[in-house]
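Asker: Sequence:
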Amino acid sequence: MTWARTTALTLSVILTAGSFTAIATAAEAPAVCASGPAHFTKPDNAVVVDPGEHLSVKTSENPPGTTFWLSSGTHTLADDPYSQVIPKDGNAYVGAPGAVLDGRDVNRAAFTQLAKDVVIRGLTIRGFAAPQDQGVVNHDSGEHWVIEGNVIEENRGAAMMAGPRQEVLGNCLRNNGQYGINAYRSGNGITGLVIEGNEIAGNNTEDWEKKQPGCGCSGGVKFWAVDGADIRGNWVHHNHGAGLWADTNNNDFVIEDNLIEDNEAEALFYEISYNLIVRSNIFRRNTLKMGSEFAARGNNFPVAAVYLSESGGEPRLLARTDMIEIYENVFEDNWGGLTLWENADRFCNSPANTSTGTCTRVVRSPSDCSEGAITQQPAYDDCRWKTQRVNIHDNTFRSAPDCSGLCGRMAVLSNFGTYPAWSPYRGSVVSDSVTFGQDNEWFSNTYLGHWSFVAHDASRSLDVAAWQAAPYKQDPCSSFNGVGGC
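In terms of our numbering, the sequence shown is residues 25 to 510.
FYI, nobody ran anything at the bench for these hints, they're computed from the structure. Note that beta-carbon positions come from the ideal geometry of N, C-alpha and C, so glycine has one too. Accuracy of the hints is not assured; some may be wrong.
Pair ranges (Cβ atoms, derived) [claimed, not checked]: (1) Thr229 / Ala55: 19 to 25 Å; (2) Asp405 / Lys497: 34 to 40 Å; (3) Val130 / Leu341: 39 to 45 Å; (4) Trp446 / Gly211: 54 to 60 Å; (5) Asn86 / Pro390: 16 to 22 Å; (6) Arg303 / Lys497: 38 to 44 Å; (7) Pro390 / Ala445: 34 to 40 Å; (8) Ala397 / Gly211: 23 to 29 Å; (9) Arg340 / Pro87: 42 to 48 Å.
Below, simulated DSBU-like cross-link-like pairs (lysine-lysine); rule was C-alpha separation at most 35 Å, straight line [claimed, not checked]: (10) Lys140 / Lys112; (11) Lys66 / Lys112; (12) Lys82 / Lys112; (13) Lys82 / Lys66; (14) Lys313 / Lys497; (15) Lys234 / Lys112; (16) Lys313 / Lys234; (17) Lys66 / Lys140; (18) Lys140 / Lys82.
Sequences and hints are given; from them, build the entire structure.
Answerer: In structure tokens:
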């Protein structure tokens with residue numbers, strides 16, 4: 025490899041005129057898109073592919089482990105939606121400066137099927153017409169693909185899918201119709217995913233949440249049942265939806281040293297998932313569009329930059345932490361801070377569970393959560409995805425200068441359980457648990473600007489004094505506009 029990009033973030037807090045002012049700067053955030061694909065030297069013994077030659081044919085004619093050098097210029101595939109490159113194990117595809125692979129809005133996918141150890145470097149890949157929830161690169165989620173230093177842009181669907189041990193390094197993933205990355209694999213089984221040093225911007229250009237309300241199918245990156253992911257040093261910005269969205273039985277994520285800003289919905293949405301570390305990130309100006317739309321409708325739900333929905337620490341699952349730990353981050357000018365939510369009606373085998381047919385990772389069978397059985401232990405505890413064991417500490421939160429009303433809030437809450445009729449979680453059972461009994465704690469944080477708090481249910485709005493007092497006792501040793509601390 026002949027390139028490197030600096031992705032370190034600098035976080036600083038300065039003392040000004042007797043009060044703390046948070047200053048967050050990105051030291052050379054990975055502005056990959058502005059510089060284009062990375063430049064690589066031509067590998068020895070590479071098979072040269074010139075524009076006008078068929079890359080798919082060259083691939084089929086050569087053995088596994090072949091490296092292909094795509095010359096400068098625009099490369100295309102055959103005039104068939106299902107024309108594609110089908111790599112063999114160990115193949116590498118490296119682009120010369122100016123090498124473009126263009127789907128011309130004809131081809132659905134660029135690189136497909138289940139070869140292992142495939143490398144794709146230094147290419148611009150654009151104009152492919154992947155259907156909803158499908159991807160252009162690594163379409164079938166092959167194992168240990170290294171996708172490095174490319175620009176993958178202006179495709180429909182997702183720029184890429186993800187497979188086990190996939191490495192996504194230093195790419196520009198922008199302006200794709202649905203996602204920058206769709207980390208989904210049929211049958212699950214994605215482990216050891218690395219996403220580092222990428223710029224992930226402007227995705228979901230087709231506005232899927234408007235096309236299919238409630239689909240949960242939009243944003244910069246979407247993760248499903250990924251077990252082990254390192255997401256570091258990325259610039260995730262201006263996506264039409266969430267920046268990062270982990271949805272359903274993900275586990276063991278470390279999200280660190282990222283700059284996540286100007287996303288229309290949440291910077292990070294972690295949903296019915298487990299065991300997470302979020303540290304040393306900058307979250308800036310996220311959720312402004314979504315928050316203002318909620319407010320305009322009179323919806324008082326506490327929209328936040330980081331939204332934990334039925335997600336928590338679970339010691340029974342192997343991970344680098346048995347908690348959700350959120351620390352040493354800077355939050356600036358977002359609509360809200362963090363919301364810890366648990367839907368009392370959403371559990372394994374409930375008709376209110378929108379992840380249809382999915383159960384928690386600590387239940388043996390959905391039948392364990394059936395009517396009658398769910399009232400007994402351990403099913404009573406294990407059939408819920410619990411927002412539990414969440415620690416939020418040593419962060420700096422600055423509200424937007426003009427924030428008032430429904431912005432600038434922290435929250436830990438649930439709804440009043442009502443459905444189905446046989447649910448043992450009806451009433452305030454879950455509200456009480458998530459607020460008082462599941463080890464969810466804020467402490468040693470720095471607050472600047474206007475902040476208010478929501479606890480137990482959406483009707484309880486608290487000021488700082490009430491948030492810190494019994495029965496909530498949150499944010500000990502935290503400071504508010506320079507007052508407090510330990």
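Asker: Could you tell me which of the numbered hints above are not met by this structure, giving the numbers in increasing order?
Answerer: 2, 4, 5, 6, 7 and 15
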